[in-house]
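A.B. asks: Sequence:
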Amino acid sequence: MVFPVAFSATLNFTGAGSLRCRFRKGLSPVARLFGTDGVRGLAGRDLTASLTLELSIAAARVLAATDGDRRPLAVVGRDPRASGEFLEAAVVAGLASTGVDVVKVGVLPTPAVAYLTGALGADFGVMLSASHNPAPDNGIKFFARGGQKLEDSLEEEIEGMLGVPSTPAVGDAVGRVTESHDGAERYTQHVLDSLPHRLDGLKVVMDCAHGAASTVAPEALRRAGAEVIAIGDRPDGHNINQGCGSTSLGSLQEAVRLHGADAGIANDGDADRCLAVDSEGNVVDGDQILAILATEAKEAGRLEKDTLVVTVMSNLGLKLAMAREGVAVVETAVGDRYVLEEMKRGGFGLGGEQSGHVILLDHATTGDGLLTGLHLLAAMAHRGQGLAELAKVMTRLPQILINVPDVDRSKAAESEELAAAVRKAEAELGETGRVLIRPSGTEPKVRVMVEAPEQEQAAAVAERLAGVVRTALG
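Taking my numbering, the leading residue of the sequence shown gets 19, the next gets one more, and so forth.
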């Protein structure tokens, strides 16, 4: 299957941050400051204090409500990166100078800031984080009223306000700044209230990635009944995601085996994603987590429309497993924002990505690593089975991914030679395999992905298609 997704490329402009330029078939490039998950870059160079200040002022002009005499309210949170301190100051200054009251909630997970935006009745929320990126990077993302992710149109409106002169608030109109010290407790209680079963009897290693999860995750698991060994829970501003968390599972695997734990849970720096390992240290990825949660929810009558939303990169084994379980699968382009859009459009309650972004829409407006881990462990406790046994609900098909460099990615959708080769491969694989051709979003290369029942077959088909890509697009 050829899937011509939107391309994106990163363009660096002095003083303008890391700009993304999206290309869509038939359209001219349009430079955008916002990427698929807010604005990110090297803190102090790409994401500067001045840019952050300007973004905050622009966001306030777009997102702040003007209902009568009530002053607009914004919630501001961050992960533990050292640069978050000066960026937070810039955000707060920008918002207050436009007449927005600010509640600083400190270091908390991204989904906690989204939740508190809704729970506190704020007009919008601001989160400072670069998620799974290294510590020198940082980012800024905005949530609309209710903790909802911004639509493209709102991001474009914010960008359009950059550099537009505005009248600052003066006197009594200046926004006031307060700190909230119960945000962690409110969020923790919220995720605990969502659990269908307690975790009594489970021994769990929790890897917080030296990130935002450190403030809430170990305590939440303990209050849910689990015995918890916490690792990656000593953030110092510079060690976030460093050899730990969902992007580096070695420490978690070792700790699970060392402590004889039933399972290990890993979040990333801002705790919006979750991966797991079983008692033997084997990785349970996002696809397997989704399969377990979907099966559990369907049997309990909690799976809306008996449907799971995934991306085109989810393993075919997940889709085959869901078919056996009577669960419909809806596919989207890669990116949790597209999963969320489809969930809202179709009225579905569960969706996510292989990377561990899992959205439980009944309880969260965005991917939530702590919430996901708790519900995964609750399924273990309810069934009295280990994670390895639960993960058997699906069988991962061998997957081969080949990146073909130095080709004209723009020709991928129009090449009849490539289309014919894909049709031949799909006929060869039948219903037990699949082909995905994806132009890179940032480089002159095309990704060839093949899944098949056997590793050797997947590799052979992928190599053959990669050769066609080189010939047809080179």
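Among the clues, some could well be false.
[As the list claims (entries may be wrong)] Restricting the straight-line Cα-Cα distance to at most 35 Å, the calculated cross-link-like pairs of lysine-lysine (DSBU-like) are: (1) Lys167 - Lys442; (2) Lys463 - Lys442; (3) Lys316 - Lys463; (4) Lys316 - Lys429.
[To be verified] Across the chosen pairs, the derived CB separations fall in these ranges: (5) Gly181 - Gly62: 34 to 42 Å; (6) Ala445 - Val348: 21 to 29 Å; (7) Ala445 - Gly181: 35 to 43 Å.
Everything labelled a hint here was simulated from the structure, so no lab data went into it.
Just so it is clear, CB atoms sit at the ideal spot from N, CA and C, and this is done for glycine as well.
A.B. asks: Are the Cα atoms of lysine 463 and lysine 442 separated by 35 Å or less?
C.D. replies: 22 Å, holds
A.B. asks: Can you let me know if the beta-carbon spacing of alanine 445 and glycine 181 is within 35 to 43 Å?
C.D. replies: The hint (35 to 43 Å, Cβ to Cβ) is violated, given that alanine 445 and glycine 181 are roughly 54 Å apart.
A.B. asks: Hint says 21 to 29 Å; check whether the CB-CB distance for alanine 445 and valine 348 agrees.
C.D. replies: 25 Å, holds
A.B. asks: Taking 35 Å as the top limit, are the C-alpha atoms of lysine 167 and lysine 442 close enough?
C.D. replies: 40 Å, violated
A.B. asks: Mind checking the alpha carbons of lysine 316 and lysine 463 for me, to see if they're no more than 35 Å apart?
C.D. replies: 40 Å, violated
A.B. asks: Given the hinted pair lysine 316 and lysine 429, is their Cα-Cα distance within 35 Å?
C.D. replies: 42 Å, violated
A.B. asks: Look at the Cβ atoms of glycine 181 and glycine 62 and judge whether their distance stays inside 34 to 42 Å.
C.D. replies: 21 Å, violated
Hints 1, 3, 4, 5 and 7 from the list above are not met by this structure, while the remaining hints are.
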